[in-house]
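Trainee: The listed protein sequences correspond, in order, to chains A and B.
For the first sequence, the positions run 1 to 256 when the working numbering is used.
For the second sequence, the positions run 1001 to 1245 when the working numbering is used.
No lab work stands behind these hints: they were computed from the structure.
This structure is a prediction, so every number in the text was calculated from the model and none was measured.
Positions of the beta carbon are idealized from the N, C-alpha and C atoms, including for glycine.
Accuracy of the hints is not assured; some may be wrong.
Unchecked claim - To spell it out: a stretch of chain B is covered by chain A in this simulated footprint if at least three of its residues, at any positions, have a beta carbon under 8 Å from a beta carbon of chain A; those stretches are:
{"id": "1", "stretch": "1075 to 1083"}
{"id": "2", "stretch": "1105 to 1116"}
{"id": "3", "stretch": "1198 to 1205"}
To be verified - Label pairs and their in silico Cβ distance ranges:
{"id": "4", "chain 1": "B", "residue 1": "1137", "chain 2": "A", "residue 2": "29", "range": "47 to 57 Å"}
{"id": "5", "chain 1": "B", "residue 1": "1137", "chain 2": "A", "residue 2": "9", "range": "38 to 48 Å"}
{"id": "6", "chain 1": "B", "residue 1": "1243", "chain 2": "A", "residue 2": "112", "range": "49 to 59 Å"}
{"id": "7", "chain 1": "A", "residue 1": "123", "chain 2": "B", "residue 2": "1196", "range": "38 to 48 Å"}
{"id": "8", "chain 1": "B", "residue 1": "1143", "chain 2": "A", "residue 2": "126", "range": "20 to 30 Å"}
{"id": "9", "chain 1": "B", "residue 1": "1244", "chain 2": "A", "residue 2": "164", "range": "39 to 49 Å"}
{"id": "10", "chain 1": "B", "residue 1": "1044", "chain 2": "A", "residue 2": "47", "range": "19 to 29 Å"}
{"id": "11", "chain 1": "B", "residue 1": "1143", "chain 2": "A", "residue 2": "87", "range": "44 to 54 Å"}
{"id": "12", "chain 1": "A", "residue 1": "126", "chain 2": "B", "residue 2": "1132", "range": "54 to 64 Å"}
{"id": "13", "chain 1": "A", "residue 1": "239", "chain 2": "B", "residue 2": "1140", "range": "45 to 55 Å"}
{"id": "14", "chain 1": "A", "residue 1": "112", "chain 2": "B", "residue 2": "1143", "range": "50 to 60 Å"}
{"id": "15", "chain 1": "A", "residue 1": "204", "chain 2": "B", "residue 2": "1085", "range": "43 to 53 Å"}
{"id": "16", "chain 1": "B", "residue 1": "1067", "chain 2": "A", "residue 2": "164", "range": "46 to 56 Å"}
{"id": "17", "chain 1": "B", "residue 1": "1004", "chain 2": "A", "residue 2": "145", "range": "43 to 53 Å"}
Claimed, not checked - Computed far set for chain A versus chain B, every beta-carbon distance over 10 Å:
{"id": "18", "residue": "49"}
{"id": "19", "residue": "92"}
{"id": "20", "residue": "111"}
{"id": "21", "residue": "182"}
{"id": "22", "residue": "250"}
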Amino acid sequence: MNSRIRHYIDLITILTQKEMKVRYKSTFFGYVWSIAHPLAFALVFFMAFKVVMRIKMEGYAVFLIAGLFPWQWLSNSVNAAPMAFLLNASLIKKVSLPRNILPLATVLQDMIHFLLSIPVIVFFLFIFHKSPTLSWLYGIPLLLIIQLLMTYGLSLTIASINLFVRDLERLTGIFMTLLFYFTPIIYPETMIPEKYKSLVLFLNPLSSLMVSWRNLFLIGTLEFSLVAASFAYSLFALMLGYAVYTRLSWRFAEVL
Amino acid sequence: MRVPIIVFDHVRKSYPLYHHITGGTKNLLIHLPKALSAIRNSRYEALRDVSFEIKKGEVFGIIGKNGAGKSTILGLIAGVLKPTEGRVIVKGKVVALLELGAGFHPELTGKENIMLNGIILGLTKAEVLRKLDEIIEFSGLEEFIDQPIRVYSTGMLARLGFSVVAHLDPAILLIDEILAVGDLEFQKKCIEKMTSFKKKGVTIIFVSHSMPDVKRICDRVAWIDNHTIKMIGSTGAVVFKYTQK
């Protein structure tokens, strides 16, 4: 194999490994923490919408979990993105390495955590007398790739621009919270008023992907139009990220 | 006649002053016209009209006051900065000795950090694994190598960093003020390693404020003052002039 590609792969692997190791070093419960966060969220929304507001829906708990876990991956990565280059200032200023792998390592690390949390989803499916289906075999890899491209594209864009306009790190937090409520995660897309339905489903770049994940987990189906829309958005995010990165990266060492 | 491995040809490097942007939206909006023209016009000149050549196998020292432009030169050689005008030609793999702890993570062990740092600096995993024992032995940190490096002292960190770089087989090695930390024994080891690098034909760029160190290892020295070359020539002559002023 070409030694440059070999090195590139080793670099991604070691940086991802580093993030994995560092994340839970010196903590007692380790892995538990990565699922505790989305589970706590699920509990909060369950209390608010099922217990208090009494949403009319069977299996709301597993419904929440199937949507919150993939969202957690995206939101963790994107919220960490503003710091991806800033935290590595000394490397960027001295070593000419492909810097675009720095945010990639974060995204991959969160992806691995998401994969590790799938058994928890399965556990909840069993509680609600459902089970995994064969369609997971192609559905999970497919959506995984779409979300990887999407998350990496967004992260690369935010990480690059944030070096020049530091306001972006505040904006990212606010924007992700807004986007969360405009994405059918804590409510099914069927409950959206007809007027806004296509708006929320197709104008929000994350809706189609999140709804696809949930349908796959809960009923084992993928809807073509949603998968196609999410794929188109993920390609767009990746191209945007790449374009911004190539335009700005040669000035990274100047601003840090 | 040895071939030049690094050529600076009338290099100018200036930065836009980014603090006009990073100063925040409020500032930007209040002083919009002023700020816009400031962004366009205010540039910080880090280097101007710098020309020199460094030959293969040379140990080249760069001295000068803080902020004179020494690190900018290193950045240009490492390829992380682009010249605003002129040309920078560098032939061969450049490895920079990073400042203390850069490219390391405090929570990882010494061994894990060697892997991380080695790969960041350009080796493949297989290459680092092959050299791992040698690196650990050179560092003299066998006892601590499985401990997280947050328990290391400053000197021990410097040892670890230099040990990785010493085993990278670079064509060009950039050293930015590093030998000051670490005990005498290790400093001696570093100087020996640099001498052996020199024998192997590695080109070394050495930035330092320690004139004894510069005199001990450099063949030629450039004195950077006020963003340009004030003097360039044999180590003895330049250091003499520099310490006299």
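Trainee: Each hint: holds or not?
Mentor: Status of each hint after checking the structure:
Coverage of a stretch by a chain is defined here by at least three residues with a beta carbon nearer than 8 Å to that chain's beta carbons; for the stretch 1075 to 1083 of chain B and chain A the count is 6, and the condition holds. Under a criterion of three residues with beta carbons nearer than 8 Å to beta carbons of chain A, the stated coverage of the stretch 1105 to 1116 of chain B is upheld, 6 such residues being counted. With a cut-off of 8 Å between beta carbons, the stretch 1198 to 1205 of chain B has 0 residues touching chain A; three or more are needed, and the interface restraint is violated. The beta-carbon spacing between residue 1137 of chain B and residue 29 of chain A, approximately 37 Å, falls outside the hinted interval of 47 to 57 Å.
Between residue 1137 of chain B and residue 9 of chain A the Cβ separation comes to about 28 Å, which falls outside the hinted range of 38 to 48 Å. Look at residue 1243 of chain B against residue 112 of chain A: about 56 Å separates their beta carbons, and that is inside 49 to 59 Å. Roughly 59 Å separates the CB atoms of residue 123 of chain A and residue 1196 of chain B, a value that falls outside the hinted 38 to 48 Å. Distance hint check: the CB atoms of residue 1143 of chain B and residue 126 of chain A are about 50 Å apart, inconsistent with the given range 20 to 30 Å.
Residue 1244 of chain B and residue 164 of chain A have their C-beta atoms about 43 Å apart, which keeps the hinted 39 to 49 Å range intact. Judged by the Cβ atoms, the range 19 to 29 Å given for residue 1044 of chain B and residue 47 of chain A is violated: they are separated by roughly 55 Å. Roughly 30 Å separates the CB atoms of residue 1143 of chain B and residue 87 of chain A, a value that falls outside the hinted 44 to 54 Å. As the Cβ distance of residue 126 of chain A to residue 1132 of chain B is approximately 45 Å, the hint placing it in 54 to 64 Å is violated.
Between residue 239 of chain A and residue 1140 of chain B the beta carbon distance is about 50 Å. The supplied range of 45 to 55 Å therefore holds. At about 33 Å, the CB distance of residue 112 of chain A to residue 1143 of chain B disagrees with the hint of 50 to 60 Å. Between residue 204 of chain A and residue 1085 of chain B the beta carbons are some 47 Å apart, a value that agrees with the proposed interval 43 to 53 Å. Between residue 1067 of chain B and residue 164 of chain A the C-beta distance comes to about 23 Å, which lies outside the given range of 46 to 56 Å.
Taking 43 to 53 Å as the suggested C-beta distance range, the pair residue 1004 of chain B and residue 145 of chain A conforms, at roughly 48 Å. Every CB of chain B is more than 10 Å from the CB of residue 49 of chain A (nearest about 37 Å), matching its label as outside the interface. A Cβ of chain B approaches the Cβ of residue 92 of chain A within 10 Å, the least distance being about 7 Å, so the stated non-interface status is violated. Here residue 111 of chain A stays apart from chain B, with its beta-carbon at least about 20 Å from theirs, past the 10 Å limit.
Interface exclusion of residue 182 of chain A from chain B stands, the closest Cβ pair being 25 Å apart, more than 10 Å. Against chain B, the non-interface label of residue 250 of chain A is violated: not every CB pair exceeds 10 Å, the least being about 5 Å.
The structure does not agree with the numbered hints 3, 4, 5, 7, 8, 10, 11, 12, 14, 16, 19 and 22 stated previously, though it agrees with the rest.
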